[in-house]
Amino acid sequence: MNVRKWVKQEDPNNKYGATFTLGDKHSDLPKEAIVSVTRGENFTIPRLMINGILNQFIMKTLAKNENLIYAELTGQLQGGVGQTLTVWKDPKLMNTFRTRGFHQFSRRFFSWVFYSGRVKAYFHTWKVENIPTSQEAGEIVVKNGRYFKGGKLIRKASHQNND
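Taking the working numbering, I'd label the letters of the sequence shown as residues -18 to 144.
Do not rely on the hints blindly, as some may be mistaken.
[As the list claims (entries may be wrong)] Here are the in silico distance ranges between beta carbons for each label pair:
id, residue 1, residue 2, range
1, -1, 73, 28 to 34 angstroms
2, 136, 41, 28 to 34 angstroms
3, 12, 58, 36 to 42 angstroms
The hints are simulated quantities; they were obtained by calculation from the structure and are not laboratory data. Predicted model, so just to flag it, every value in this text is computed and none were measured. Backbone N, C-alpha and C fix where the C-beta goes; we use that ideal spot for every residue, glycine too.
The whole structure should be built from the sequences, with the hints applied where relevant.
In structure tokens:
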């Protein structure tokens, strides 16, 4: 198994922001490829710290996952924003990753990070022909994703194609 390495890119315009990437954003995508985006807004400092620690463990498992084509984690201290974008070869195997192992543990045990307080949480998965930019993915997930505010479901995800 080939373990890929995460690359950190500092934001030159924001000393409190950074992006971590894994894989090649310009990869050729199979017909079944999907993108999955998770976005949290209004995280407090403690929530950001816990989310960051959890992401470190998840990042290790993602680096070993051969179904994963590309991943991008962005965070900004200002606004308490964290966003994860992942691109997968096979939707079924993505779902297996999401519902098993450490990712499933963290979803259950630390759900209060995303589902309480003033946090806004967005989740969306869709078929993709090209990998969107982080900004495009953020706009799509906020517009079309499942949306929770303070843990209360406000809107279900739309099922339209976002290409």
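Verification of the hints:
Checked against the hint of 28 to 34 angstroms, the C-beta distance between residue -1 and residue 73 comes to roughly 32 angstroms, which is consistent with it. The hinted range of 28 to 34 angstroms is satisfied by residue 136 and residue 41, whose Cβ atoms lie roughly 33 angstroms apart. Checked against the given bound of 36 to 42 angstroms, the beta carbons of residue 12 and residue 58, roughly 39 angstroms apart, stay inside it.
Every hint from the earlier list agrees with this structure, and none is contradicted.
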